[in-house]
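Those protein sequences? They're chains A and B, same order as listed. The first sequence begins at 1 in the working numbering and counts up one residue at a time. The second sequence begins at 1001 in the working numbering and counts up one residue at a time.
To be clear, the hints were calculated from the coordinates, so they are not data collected in a lab. The reader is advised that the hints may include incorrect statements.
In silico contact screen, one side only, chain B against chain A (beta carbon under 8 Å); selected entries [as the list claims (entries may be wrong)]:
id: 1; residue: PRO1156
id: 2; residue: ASN1181
id: 3; residue: SER1183
id: 4; residue: TYR1210
id: 5; residue: GLY1211
id: 6; residue: ALA1213
id: 7; residue: SER1218
id: 8; residue: LYS1223
id: 9; residue: ASP1250
id: 10; residue: LEU1270
id: 11; residue: GLU1271
id: 12; residue: SER1291
id: 13; residue: ALA1292
Note that the Cβ used here is the ideal one computed from N, Cα and C, for glycine as well.
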Amino acid sequence: MTFLLQLLNGLQLGSIFALIALGYTMVYGISKLINFAHGDILMWGGYIIYFTIPFFISMGLPLWLSVVPAILFCMALGGVIEKIAYKPLRNSPRIASLITAIGVSLLLQNIVMKYIGTGALTIPKIFKANPNLPVSVNFIITVVTTAVLLTLLMLYMNKSKYGKAILATSEDYDAARLVGINVNTSISLTFVIGSAVAAVGSLLYVAQYAQITPTMGSMLGIKAFVAAVLGGIGSIPGAVLGGFLLGIVENLTRAYISSQLADAFVFGILVVVLLVKPTGIFGKTMKEKV
Amino acid sequence: MKQFKFVPVVALAASLFLTACGSDAGNSAATEASGDTVKVGALAPLTGDVAIYGQTTLNGEQLAVKEINAAGGINGQQIEFIVEDEKGDTTEATNAYTKLQGEGIVALVGDVTSKPTLAVADLANEDAVPMITPTGTQFDITAGKDHVFRVCFTDPFQGLMLAQYADENLSVSKVAILTNNSSDYSQGVAKAFKEEAEKRGLTVVAEESYGDADTDFSAQLTKIAGVGAETLVIPDYYQKIALIASQARDAGVNATFIGPDGWDGVVEQLEGNTEVVDGALFTNHYSVKDSAEKVQNFINAYKAEYNENPSAFSALGYDAVYMLKQAIEEGGSTESDAIVSALSGIQFDGVTGALTFDADHNPVKSVSIIKIENGEYNLDTVLAPK
Chain A
1 MTFLLQLLNG LQLGSIFALI ALGYTMVYGI SKLINFAHGD ILMWGGYIIY FTIPFFISMG
61 LPLWLSVVPA ILFCMALGGV IEKIAYKPLR NSPRIASLIT AIGVSLLLQN IVMKYIGTGA
121 LTIPKIFKAN PNLPVSVNFI ITVVTTAVLL TLLMLYMNKS KYGKAILATS EDYDAARLVG
181 INVNTSISLT FVIGSAVAAV GSLLYVAQYA QITPTMGSML GIKAFVAAVL GGIGSIPGAV
241 LGGFLLGIVE NLTRAYISSQ LADAFVFGIL VVVLLVKPTG IFGKTMKEKV
Chain B
1001 MKQFKFVPVV ALAASLFLTA CGSDAGNSAA TEASGDTVKV GALAPLTGDV AIYGQTTLNG
1061 EQLAVKEINA AGGINGQQIE FIVEDEKGDT TEATNAYTKL QGEGIVALVG DVTSKPTLAV
1121 ADLANEDAVP MITPTGTQFD ITAGKDHVFR VCFTDPFQGL MLAQYADENL SVSKVAILTN
1181 NSSDYSQGVA KAFKEEAEKR GLTVVAEESY GDADTDFSAQ LTKIAGVGAE TLVIPDYYQK
1241 IALIASQARD AGVNATFIGP DGWDGVVEQL EGNTEVVDGA LFTNHYSVKD SAEKVQNFIN
1301 AYKAEYNENP SAFSALGYDA VYMLKQAIEE GGSTESDAIV SALSGIQFDG VTGALTFDAD
1361 HNPVKSVSII KIENGEYNLD TVLAPK
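Just chain A, same shape as in the assembly (with noise of 0.2 Å):
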C-alpha cells in the first residue's frame, strides 16, 4: 500500500515535470535551442495566479479559473522572449542562444526579486480536498490535464494545418520555406504554445505546493530538461513519459533509498542517458545531411 502511494506521489510530481518538457522538447525540436528560461515562464505564471486569485475570490468564480489570465500572460511571454531574445541570434552559433537563454532566465528571475520580493508568497488552497476519494483530488486532476493536454496536443500537431508546419518546419526549415511556410510564424507558434502549457503547469504546481518564489523555476526548469532528454529531446509522447519516469525515481529514491541522494539519482539519469542512448526513449537518430 505504501508502495502503491509512493509511486502516485512520483506520478503527480512527474506530471508537472512533464508539462514543462513539453515546453523544453518542442521548443528544442523546432530551433534546435535548450530554453533555459522556461522554467522561469512557470514562475511568472504562477505569480500572475498569485495576483489574479483576490480578483476571482471577490467574484466568487473558482480559483482555478486564475490559469487563464497565466495562459495569457505566458503566451504573451512566451512570444515577446522570443522575438526580442532569440530570434536575432538564429543564425548564430548556438552557444549564443543557449548563453541569451541563461541571461533571459536571471532577468526574468531578478526583475521579480526587485519588484515583487525574494520571499515566498502563499496561493490559497485552488482545489477544495475531497475526503471520501482513495487519492488526493490534486492527484486526480493534475494526472488527467496532463494526460489531456498531451493528447491535444498531439492532435493539434499532426491534424491541424498550424501543427503540420511547425513539424515541418522542425523537419528542415529551407524545405519548409520552399514549400510556402512562414518558418517564423511556426518558430514563434511554438514558444507560444510551450509557454500556454508551462502555464497550465503552474496551476498545477501551486494547487499542490502553494508557494512561490522568484527561483522556484530554476530547479524544476533542468528537472524537466532531465525529463526531455530522457524521453527524446524533440518528442512530444516521449517529455511526458520522461517526466513521469523521472517524477517516479525521484520519489522512489527519497523513499526507499535516501532523501540525500534523489537529486543526485536524477542526474546520474541524465548521464546514463547521453551515455547509453543519446536520443533518448522516443528519440530518432538524425541522419547528417550531406
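Given chain A, work out where chain B should sit, using these hints.
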C-alpha cells in the same frame, strides 16, 4: 509575507537615516571630549537578504538606548550608539567591526546572523572588546571566548528543550524527525533533540531529510505517516514549514508538530490555510501574550515607537542593551575586564526571561513554548531546563 515588499524601502530609509546619524555621531565625537558618553557599537544587516532580521533587532536595541538615555544614561553618562550595516556578509561585518573598534567603543552589541557573528566574535575576543550577540545561535560563537556572550539560546539547547517537552508534557513515545540537510540550524536542533529523546527512552521511529531547494516532501511524509509517529519535529524556518505542514496533512501524518524558533511567522505564511499547523508547538524566546509586566511594558513601548508588534529578534536586541547597562553598572567601569567579569556573573532579568551564563557564556534560561491555535500564537508554558 507582506512586509517583505517593504524591506527594500525600509532598508533604504534606514541606511539614509543611519548615514545621517553616523556623520552626526562623527561630528559630535570630534567636538565633544570623549568620556562624556559611553560609546557602544552595534552591528546588524540593514540591507541585503537578511535585512528583516537586522532591522527588527536594531529597532529593539535603539528603543532600549532611547529609554536608558531618557532615564539618565549609564552611571550618569549618555550612551552613544554607533550603528554599522554589515549587509549579512562576513567580509562587510569584519570591516564594519574594525571601523567601530577604531571609534573606541567600550562594547559591541551584535552581530545578528550566525556566520558574520562568528567572524566578528573571533576578532572581538582577540581585541578584548566585550561583545553581546542578541541573536547568534550557532554554538561556536561563544565557546571558549572570554569576551563573547549571547542573549538567545543555542540551536542544540532548543533541540534539548523540545525533547524534554515531548517527553514530559506530550507524553509520547514514538517521535519522528524531518530535517533540512543543507542547514546547520536544522541539523543542530535535530541532533540535540535525538540525543535527548533517546536518553529519555523515546523511540525515534523515522529520520528523514530534504534539500534546501526541495518543494515536494511527499515521499518522506508518506513514510512518516506509515510508521505511526506521534510527534514530528521539523526544525526549519517558517517558509519551508508552511510547505511541509500542508503536505503532511495530505500525506496522512497525524502527529503533533513541534519545532524551534524558526517556526515564528508560519501562520502569516499560511494565511487562509492555518488549520494544517493547528496544535503545533514551538520554542521561542518570549511570547507577546506573556502577561508579565516587563514583557507588556516592552511591547507597548515598542508599538508606540514603531507601530508594529516586536518580533523575538527585537526583544533579544532590547535585552542585549539592558544587559550591557547592568554589567557596566555592576562592574562600576567601562573597562573591558570589569564589563566581562560583571557579565560572567550576571543575574539578568529581561523581556526574554531571567538568565545566568554557563562556562561557555551560553544563557541558562527558560524557553517559552508557543502553541498555535486557530491561527494564533498562544503561550502554552514557560519551560525551565532540567
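Evaluated hints:
1. PRO1156: Result: violated, 22 Å to nearest chain A Cβ.
2. ASN1181: Check passed: Cβ of B:ASN1181 comes within 6 Å of chain A, closer than 8 Å.
3. SER1183: Given a least distance of 13 Å, the restraint on B:SER1183 is violated.
4. TYR1210: Since the shortest Cβ distance to chain A is 6 Å, the answer is holds.
5. GLY1211: holds (7 Å)
6. ALA1213: Where the cut-off is 8 Å and the nearest Cβ of chain A is about 5 Å from B:ALA1213, the hint holds.
7. SER1218: holds (4 Å)
8. LYS1223: Where the cut-off is 8 Å and the nearest Cβ of chain A is about 6 Å from B:LYS1223, the hint holds.
9. ASP1250: Check passed: Cβ of B:ASP1250 comes within 6 Å of chain A, closer than 8 Å.
10. LEU1270: holds (6 Å)
11. GLU1271: Holds - the Cβ of B:GLU1271 comes within 8 Å of chain A, reaching about 5 Å at its closest.
12. SER1291: It is violated, given that the least Cβ distance between B:SER1291 and chain A is near 31 Å, above 8 Å.
13. ALA1292: violated (32 Å)
Checked against the numbered hints above, the structure violates hints 1, 3, 12, 13; every other hint is satisfied.
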